[in-house]
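Protein chains: 4
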Amino acid sequence: MIVVLKPRATNEDTSKVVNLARKFGFDVNISKGAEKTIIGIIGDNVYERREAFEALNCVEEIVTVLKPFKLVSKEFHPKDTIISVGGAKIGNGNFEFVAGPCSVESMKQMEVEAEFLSGLGVKFLRGGAFKPRTSPYSFQGLGVRGLKILRKVADEHNMKVVSEMMSGQDLELFEEYVDIIQVGARSMQNFRLLKKLGESTKPILLKRGFMSTIEEWLLAAEYLFHHGNDKVILCERGIRTFEKYTRNTLDISAVPLVKSLSHLPIIVDLSHSTGRRDLINPLSKAVVASGADGAMVEVHPDPEKALSDGQQSLNFDEFEATYRTSMNLHRMMEEFIWNQE
Amino acid sequence: MIVVLKPRATNEDTSKVVNLARKFGFDVNISKGAEKTIIGIIGDNVYERREAFEALNCVEEIVTVLKPFKLVSKEFHPKDTIISVGGAKIGNGNFEFVAGPCSVESMKQMEVEAEFLSGLGVKFLRGGAFKPRTSPYSFQGLGVRGLKILRKVADEHNMKVVSEMMSGQDLELFEEYVDIIQVGARSMQNFRLLKKLGESTKPILLKRGFMSTIEEWLLAAEYLFHHGNDKVILCERGIRTFEKYTRNTLDISAVPLVKSLSHLPIIVDLSHSTGRRDLINPLSKAVVASGADGAMVEVHPDPEKALSDGQQSLNFDEFEATYRTSMNLHRMMEEFIWNQE
Amino acid sequence: MIVVLKPRATNEDTSKVVNLARKFGFDVNISKGAEKTIIGIIGDNVYERREAFEALNCVEEIVTVLKPFKLVSKEFHPKDTIISVGGAKIGNGNFEFVAGPCSVESMKQMEVEAEFLSGLGVKFLRGGAFKPRTSPYSFQGLGVRGLKILRKVADEHNMKVVSEMMSGQDLELFEEYVDIIQVGARSMQNFRLLKKLGESTKPILLKRGFMSTIEEWLLAAEYLFHHGNDKVILCERGIRTFEKYTRNTLDISAVPLVKSLSHLPIIVDLSHSTGRRDLINPLSKAVVASGADGAMVEVHPDPEKALSDGQQSLNFDEFEATYRTSMNLHRMMEEFIWNQE
Amino acid sequence: MIVVLKPRATNEDTSKVVNLARKFGFDVNISKGAEKTIIGIIGDNVYERREAFEALNCVEEIVTVLKPFKLVSKEFHPKDTIISVGGAKIGNGNFEFVAGPCSVESMKQMEVEAEFLSGLGVKFLRGGAFKPRTSPYSFQGLGVRGLKILRKVADEHNMKVVSEMMSGQDLELFEEYVDIIQVGARSMQNFRLLKKLGESTKPILLKRGFMSTIEEWLLAAEYLFHHGNDKVILCERGIRTFEKYTRNTLDISAVPLVKSLSHLPIIVDLSHSTGRRDLINPLSKAVVASGADGAMVEVHPDPEKALSDGQQSLNFDEFEATYRTSMNLHRMMEEFIWNQE
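Chains as they are written, first to last, in my numbering: chain H, 10 to 350; chain V, 10 to 350; chain C, 10 to 350; chain G, 10 to 350.
Heads up, some of the hints might be wrong.
Pairs involving identical chains hold if they fit within one copy or between any two copies, as the list cannot separate such chains.
Stated by the list, open to error - Dumping the calculated PhoX-like pairs for lysine-lysine here, alpha-carbon to alpha-carbon at most 20 Å: (1) K45 to K79; (2) K15 to K253; (3) K15 to K268; (4) K253 to K268; (5) K83 to K253; (6) K157 to K204; (7) K98 to K204; (8) K25 to K314; (9) K88 to K98.
These aren't lab readings, by the way, just hints derived from the structure by calculation.
These figures come from a predicted structure and were not determined experimentally.
Make a model of the complete structure from these sequences and hints.
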């Protein structure tokens, strides 16, 4: 950590910083320029003390040199993490789809979905039972009944259930019905929820907040690790920018970046990333080629009748095309591209 | 609501939209241009059906003409809302400060704070007991003990307690110890929390998410109203932008905008808006002049020793200067400016 | 175009809008809801009159239904544009690299570059002679001498020259020495420059402004067309967001979006998109798979000694790897993926 | 300047950096942590060499400690700059309005404007003659004829002319007809234009790019100084964010920030900052209270008939109210607030 003092800082100011550092057992290295004094602070877990230095009046700026996350970092744990649920895996080099409707609407709908998706080879079935909605007047999901439907049809088709949990109070319920617990974009910094999920034995699918930096996202994963859960899948889902033709801007660079910073698997939500059905197919190829471990897509037997997110859901034919293309491309990437590098 | 059809939409497509509208009991008005067909959909609560239209394949775009919020809107409720807690009021034309440390650290610290602040005339004492922190390694607050300290010192100095609640599970606790429950920026779209707080009889201080539009913010307030709580104070606290000299960008326009859109009072968090101690004083004047109902500021007896947010906290002398200036300016605005308009 | 009137608009207000529309020879369609009146305005080039309606006091909002660009749109000109320079083409289904150093530094450097790049098969040689630099203290380029060097080495190796022009005053110079004139991100809305380039017979490589929407970008291209130049290549180069690990955020969705909106070819600047050398290779694959027509990369014989942008330039070995991978992937995409769709 | 080496950097890497620093005549200070090595580089104008270090492979990050601008900084030139044009001044502690229509439309319109504005006491008359327009189909201004109109009516009413120049080629023209040359938001990083204006003796009104950080803005001013022109007025005009109710987000913090970083006067463009007529009056008060040196406003005799920007222009009555309120508030701020601090 580097502490930059204000332009007219005195020797007394320097001493103040040095003494504080020594109090915490850190080493210091002072560098006096003509205009500014810079103090390097060296020691274990120096960042946990960042605020103490930041608060000093003589300090202009603190520069962090080490990444603030640890347990999720590649440096700490160089081997890539593979998430395993029953026989199904994410992060083992394959490309997996997590597919299903935005919201669970009925047993019938989900039976049709599971039948179709498992027939293609999709192993992960998604569906919202508790829905975070911007407006209180929008459909809020079927709740427990939705979870039960998901579990039933998934079991019948040997699929794994992925569903979003909005509150720590629902953990018992999710432990019972769900295989992978999703943390939604709006909950990425719901720290109480993260702590609670730290106690769970289920893998967590952690979506990036649409307003969160990659660093904040990895720190959210660090919360899960710190509180006991090291089974985390990251999911990029688009960030908020000024562009208007898409609902969000897919940050494709997050895939290789996360791969270099962390050992965790990363997938991409193709539906929320842009909010446009017509971009899912072309972008699915970019996502495969970027090296992601999978993709999430909203698929509905009849998107025109979906109770939510119909405009960014694929129908069965569209999904089948996207699925086959992505799988073909992934096989080719493996055989002819990545193996040659 | 206006439904814009895709360029090559057919008569059948038009009928599809019209029939759907009629099914919901809405009126329609069709406008066929050379290149595009536009269908106006008219009726009560038409927006609750927005998604059904959005999902249709032939639809290019939905344009919303009415604001999606209702209960919090000025049109629905033209009279300005005044929040009253004991004798203290927010929204009655005065300018109120909500002041106190970022985190409650000890009984001693809070006694000194409350003594000082109440002496100046500040009626609202803030302090974090449960802290949302980006890193799991940062100080997380004193929890219940913090709430008890707040209550005790506030009662001794006839102040009202404002503190942030992070989870619906803590409601009973907050009902017991706190006068105004704060919803933090990261929780603005924690809809489960909002629903729970809808059941509370306490006023809610609803901070704007740092990447939330004003519309989303007012919809979050609408959640509170819809679930039963109409005592809401809005709090602008800066939004995330590309600018780097400030931690956030204070969106001062939000003050007059909210005043024209809604009947709810609005205050501004001067500490988080920029993250810089040196900007609090100059910006406090701009905030008073913008017509806000108050300001929130982090104040600490010794910011250099604060356990959190020291770099954006004022010491007692600095706060006193800001407080007196703001109060003077507010009086002058009332007497010589607003009264003349 | 849809004109939405303010909540309490009167019949007189409606007449005002209708009369203005009729004055311009447009048709109107009035739709009166309980709370708002909406007026559809139909006619040729209705958007050129947008401001006249926007200025009316009774108007709350104007909603544009048609895209504001025309000549560059796919609807107007469904056949994809192919840019041809000598024998070299962009937009004909191949994937072309535009490569070379950020700045032309010397004849020697450029000879080495051109030798190497042409040897690999690269047809387009880039290099900055007039450099837009954020600070007046940074290296500003060799100017005319740089252009002459580019021309000479390009001719010796049968390559085409791409270089950025910063002012209309330099057009004659660029016409003489350059094959494709680049408009930089900061000049995308330098309308005087665009008008001047409209008179040129050279193809224009139009970079997207780092804070420009896709609509504004296509309108900039429309300027070129409108003023006489229909040889335009679009170049996505990352947009400014809140993310900090990358200098910009590559908006990969722009590729399929532009392909659906316009007939113009689009390439991606892999160096500026993220500002990080280590992301160029993984992202080049995503860019190929997204369907782009090519990529621009900064390549330097010794990036550690580059006078500018060294940190986002590849050395020869790194570029060769990226080049070969991209070309292989493109061939595979053509043979096994796009052909099957 | 601080150079942070990559995690596994060797002693050789350290030497490489040290040798490069010594080659430039700089001092170094090495700080070796357990995980990273940090090298402080000390010397005059060290930032002009930043890129040379950035390009080294072993370098992970460069941290700048000093501000990259110099001539415009308060540290370099502590006394506030006052811009003087004829008798009229900006930056001398008064609050000045720069007012007039978006575009000069006719002699008649401008006569009415100048008559009205000068009658109120406004000294600076603005009006666009060469208009930067996003679409080639929008009104592009009257050109030279507009400048002549401006000059004539200004002279008749003893006002000073402010107008935007879009290209260096027009300098002679502007020198003849205009008193203060405006650089528009889209031209803030048109470095050729800045260099050219560096040669002018006229004061420059430099608008902040809507996509530019305050640092980039001050560097643009530094270009003007570096090339010979030290008469610069800064103008904040709103930045691009995700918020949709306003066209831009007024960054009010820029006012006190610029005041602390630079000696240059700063005014605020109230029309472009939000794009909404109804926010001009409330925000004008916030701008006065923030300590700005003035404001720019679009005023039109009949905004409903304006050829451009009518929706963000005030009519005469509205402007008069805003003007009087702002002037009253400024007087009160001077007498009762700033004097007491």
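Status of the hints after comparison with the structure:
In this assembly of identical chains, the alpha carbons of K45 and K79 lie at most 20 Å apart only when taken from different copies (15 Å versus 31 Å within one copy). Within a single copy, K15 and K253 get their C-alpha atoms only as close as 41 Å, which misses the 20 Å cut-off; across copies the closest is 18 Å, which meets it. Taking the shortest Cα distances, K15 and K268 sit within 20 Å of each other only across copies (17 Å), while inside one copy they are farther apart (37 Å). Taking identical chains as interchangeable, the C-alpha atoms of K253 and K268 lie at most 20 Å apart only when they sit on different chains, with a minimum of 17 Å there against 29 Å within one chain.
For the homomeric pair K83 and K253, the shortest alpha-carbon distance between copies (19 Å) is at most 20 Å, but the shortest distance inside one copy (35 Å) is not. Proximity of K157 to K204 under the C-alpha cut-off of 20 Å is found in neither arrangement, the shortest distances being 25 Å within a copy and 23 Å between copies. Proximity of K98 and K204 under a CA criterion of 20 Å is satisfied in neither setting, with 24 Å inside one chain copy and 36 Å between copies. Proximity of K25 to K314 under the C-alpha cut-off of 20 Å is restricted to the inter-copy arrangement: shortest distance 12 Å between copies versus 66 Å within a copy.
Taking the shortest alpha-carbon separations for K88 and K98, only the intra-copy value of 16 Å comes in at or below 20 Å, while the best inter-copy value is 44 Å.
Violated hints, in rising order: 6 and 7; the structure is consistent with all others.
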